[in-house]
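Just so you know, the sequences run in chain order H and P. Everything in the first sequence is counted per the working numbering, starting at 11 for the first residue and increasing by one. Everything in the second sequence is counted per the working numbering, starting at -1 for the first residue and increasing by one.
Hints were generated in silico from the structure; no laboratory data involved. Some hints here could point you the wrong way.
[Unchecked claim] Simulated restraints, written as ranges between beta carbons of each label pair:
1) P/Ser226 - H/Pro118: 44 to 54 Å
2) H/Asp422 - P/Glu245: 55 to 65 Å
3) H/Arg150 - P/Arg228: 47 to 57 Å
4) H/Gly19 - P/Phe166: 22 to 32 Å
5) P/Leu243 - H/Pro367: 55 to 65 Å
6) P/Thr241 - H/Ala409: 28 to 38 Å
7) H/Ala400 - P/Arg228: 16 to 26 Å
8) P/Ser226 - H/Ser304: 15 to 25 Å
9) P/Arg200 - H/Arg150: 31 to 41 Å
10) P/Thr189 - H/Arg182: 27 to 37 Å
11) P/Arg200 - H/Asp121: 56 to 66 Å
[What the hints assert, rightly or not] Here are a few chain H residues that sit away from chain P, every Cβ distance over 12 Å (derived from the structure):
12) Leu52
13) Asp131
14) Lys141
15) Arg205
16) Tyr243
17) Arg300
18) Cys316
19) Asp320
20) Val338
21) Ala339
22) Gly395
23) Leu397
24) Arg428
25) Asn446
Backbone N, C-alpha and C fix where the C-beta goes; we use that ideal spot for every residue, glycine too.
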Amino acid sequence: MKDLYARAGIEDVAEFYRTKFVSDEVLDARYFRPVERFHMHLARTMWVYDNVRAGSAVLDVGCGAGTLALLKRKGVALAGVDLSADCARAARANGYDATARADLRRLPFPDQSFDYVASLDVLGHVSFDEKSAVISEIRRVLRPGGVTLHGIECTDRGMQKSYEEMTEQELRHFIQIDGHVGLEEEEEVAARFRRVFPHVAWEPRYALSLSSEEFIKQHDEYGLPFEEDFVEYLRGLSFKERRAFDMAMGYVFAKVSDLNIRLPRSGLYMFLKASDAPLGPFNNEHRDRRGLFSGAPREEDAPRFCLDRDAGARFDDGWHEPNVLPPVARWMGARARVSFSAARVSELRLDLTTHLPELGPARPLGLEILLNGARLSAFSLFRYGWLELAFPVPEDVNAAAGGRFELEIRADRTWQPRPGDAEGRDDREMSVAVCNIEVISDE
Amino acid sequence: MVDLEVEKTLREIRERVRAEAAAGGEEPAQAPTRGAELSTLDAATGAAGVSSALGRLEVNVSTAERARSRLPPLVSNRKGWPARLELWVKRQIKRATHWFTWEQVNYNAAVYHALRDTHAALAALDSELASLRRQLHTFEEQLDARDARLSEELAAGVASLRGEQRAFVDDIHREQRALASDLRREQGALTDGLRGDINGGRVEARERAAHVLEEQRVLFRQLSLEASERAVACERSRRDLETRLAEIKKDVMSDK
Chain H
11 MKDLYARAGI EDVAEFYRTK FVSDEVLDAR YFRPVERFHM HLARTMWVYD
61 NVRAGSAVLD VGCGAGTLAL LKRKGVALAG VDLSADCARA ARANGYDATA
111 RADLRRLPFP DQSFDYVASL DVLGHVSFDE KSAVISEIRR VLRPGGVTLH
161 GIECTDRGMQ KSYEEMTEQE LRHFIQIDGH VGLEEEEEVA ARFRRVFPHV
211 AWEPRYALSL SSEEFIKQHD EYGLPFEEDF VEYLRGLSFK ERRAFDMAMG
261 YVFAKVSDLN IRLPRSGLYM FLKASDAPLG PFNNEHRDRR GLFSGAPREE
311 DAPRFCLDRD AGARFDDGWH EPNVLPPVAR WMGARARVSF SAARVSELRL
361 DLTTHLPELG PARPLGLEIL LNGARLSAFS LFRYGWLELA FPVPEDVNAA
411 AGGRFELEIR ADRTWQPRPG DAEGRDDREM SVAVCNIEVI SDE
Chain P
-1 MVDLEVEKTL REIRERVRAE AAAGGEEPAQ APTRGAELST LDAATGAAGV
49 SSALGRLEVN VSTAERARSR LPPLVSNRKG WPARLELWVK RQIKRATHWF
99 TWEQVNYNAA VYHALRDTHA ALAALDSELA SLRRQLHTFE EQLDARDARL
149 SEELAAGVAS LRGEQRAFVD DIHREQRALA SDLRREQGAL TDGLRGDING
199 GRVEARERAA HVLEEQRVLF RQLSLEASER AVACERSRRD LETRLAEIKK
249 DVMSDK
């Protein structure tokens, strides 16, 4: 079984995972919007978030590009290791305190270094002959009384063929999808942990809720028998509709934990906790979500501050998720708003760029900047590259604002960067990317 | 009359025997000792020899035909009745020895027939040989003609190949000159293109550098803003820490 990757034609495993799991997505906790806690994409992270103690030391095993970066909102000391050096670098850029490229069987940390060792979607990628060594290594770096938490992909032998039963072609296809070379049934995974930890608890997940993307993938790639018309319906959803679906699914996923509902086996996924000490509640053991909402509050009388990472700033749905361009910036559609509070605003500054095709003097992009409905500027953009903008704010706007401001940017045209992307099905309209939105309130 | 005939016959026999003896004495000296030499004999000489031999054989066969049943005549040198008596006695003796002489006559007849058949066979062979010689001669003539024709064709082919070779060499030289000319032209165009590309590349590099500088400016600004935020956070943490330390100190003091 050791050469499953080789049999699947994957020569460079680290490169395989880099291309699969590193994107330009920003996972940095400073860019987190509280409403995202309901998104199915963050549902597993939220389970870990609610089970670690604020201020503790956490190791993310197989951190990818920074799956658990949100934990920084809880003030933890967050370290990460990954097989891929690029993944480790991406995680560091996303706010991890320390990252390293390492073999999971030989973690580069002294004994008893962490209060928690966590992983999401990792152990299904560890081959069978390495699993026990990885779990033992986790035990080594855990402090006494420390807890290891895992979200683990599973299999259901009643539904899926085992690796031995697959033909070479089936095996190749199966592993090429996600790199799963170590899928086991829930009980088998739990048994492995029981050999190392005296206290193990686990619960299945995914029996009720999956993201739209996962429904389609499990149906198309893994052959799970979801209803055809339902899958077709999901396939036809727009990006925003899928986001709404995923938010609802994430909400249900979270409620399963909140209400301590024991789901039936799904054969897809499980959460597992293990420790050398008796375990506390399986869900929400250290639930404290204040950090998700507050962030680092700025000084009330700060002369200038940046809205990009400001906890009090509210970016509406006209903005897309922050991307690494570089720098980190937010793309917007035809119209986007950000609201914030400030005693007074004398000037607004921001950096702005676009990748809109066919941009030029003959076909410029018309932009309009408004603050509380008052137009600060209107201009045409006809070249690529970053544009540094500064808008003085009229006094009458300040007088009428009452400390509440809403910056609005309007664009007269947009484009779909990935209209033919069948896999991503990203039909979002984009106009400009904006960053470094600085509010200056100097007298 | 009879004596004349006998005398003539004896002379012929004597001459034939002498001729045969002379031929038999000369043959071993003239006969070729090797087969290869036989094949080199002049055909005409061979043919003439065979013809004269066949002519002599024919004469001998006609002599044998004429004299095959003839025995010596009964003659007497006496006269009168002694002569008659002697002839009578000889006739009786002739009759009495007929059984013996008859065999000689039969033998002579057989020899005659054998010689005649041999002569006929040899004549046929000679005729066939002459025919073969003629055919051979014709064939040799044809071969000679063909040989001459092939030689002419070969000479013509060689001349043609030499001509083609010269034309090919001329073509190669012409193509070489054209290729060299094309290469020089292309090299010139490439050089011009490269100069253009280099100039274009310089412009593009300048544009990219400007873009990178812009990006760098935005990144530095982002870093600067993040650093300010961290500085504010650090300051706040420091103040919180000092406050907590002050509270702890106050608690400790009050406990004391």
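Here is how each hint holds up against the structure:
1. Checked against the hint of 44 to 54 Å, the C-beta distance between P/Ser226 and H/Pro118 comes to roughly 33 Å, which is inconsistent with it.
2. Range check, H/Asp422 to P/Glu245: Cβ separation about 57 Å, and the 55 to 65 Å hint holds.
3. The beta-carbon spacing between H/Arg150 and P/Arg228, approximately 34 Å, falls outside the hinted interval of 47 to 57 Å.
4. A hinted range of 22 to 32 Å for the beta carbons of H/Gly19 and P/Phe166 is inconsistent with their spacing of about 54 Å.
5. One distance hint, 55 to 65 Å for the beta-carbon pair P/Leu243 and H/Pro367, holds here, with the actual separation near 59 Å.
6. As the Cβ distance of P/Thr241 to H/Ala409 is approximately 36 Å, the hint placing it in 28 to 38 Å holds.
7. Roughly 24 Å separates the CB atoms of H/Ala400 and P/Arg228, a value that falls within the hinted 16 to 26 Å.
8. The supplied range of 15 to 25 Å is met by P/Ser226 and H/Ser304, whose beta-carbon atoms lie about 19 Å from each other.
9. Look at P/Arg200 against H/Arg150: about 58 Å separates their beta carbons, and that is not inside 31 to 41 Å.
10. Against the hinted window of 27 to 37 Å, the Cβ-Cβ separation of P/Thr189 and H/Arg182 comes to about 51 Å, which falls outside the hint.
11. Between P/Arg200 and H/Asp121 the CB atoms are about 59 Å apart, so this pair conforms to the stated range of 56 to 66 Å.
12. Every CB of chain P is more than 12 Å from the CB of H/Leu52 (nearest about 23 Å), matching its label as outside the interface.
13. Distance check on H/Asp131: its Cβ is at least 30 Å (rounded) from any Cβ of chain P, clearing the 12 Å threshold; non-interface status holds.
14. Every CB of chain P lies more than 12 Å from the CB of H/Lys141, the least distance being 40 Å, so the non-interface label holds.
15. With a least CB separation of 43 Å from chain P, H/Arg205 remains clear of the 12 Å interface cut-off, as annotated.
16. Against chain P, the non-interface label of H/Tyr243 holds: every CB pair exceeds 12 Å, the least being about 41 Å.
17. Distance to chain P confirms H/Arg300 as a non-interface residue, since its nearest Cβ pair spans about 15 Å, more than 12 Å.
18. The Cβ of H/Cys316 does not lie farther than 12 Å from every Cβ of chain P; its closest approach is about 4 Å, which violates its non-interface assignment.
19. Listed as a non-interface residue, H/Asp320 fails to keep its Cβ farther than 12 Å from every Cβ of chain P; the least gap is roughly 9 Å.
20. A cut-off of 12 Å between C-beta atoms contradicts the statement that H/Val338 is not in contact with chain P; the least separation is 7 Å.
21. With a least CB separation of 8 Å from chain P, H/Ala339 falls inside the 12 Å interface cut-off, contrary to its annotation.
22. For H/Gly395, the shortest C-beta to C-beta distance to chain P comes to about 5 Å, within the 12 Å cut-off, and the non-interface label is violated.
23. At roughly 8 Å from the closest C-beta of chain P, the C-beta of H/Leu397 falls inside 12 Å, breaking its exclusion from the interface.
24. Distance check on H/Arg428: its Cβ is at least 22 Å (rounded) from any Cβ of chain P, clearing the 12 Å threshold; non-interface status holds.
25. For H/Asn446, the non-interface assignment is contradicted: its Cβ lies about 5 Å from the closest Cβ of chain P, within the 12 Å cut-off.
Violated hints for the displayed structure, listed by number in ascending order: 1, 3, 4, 9, 10, 18, 19, 20, 21, 22, 23 and 25.
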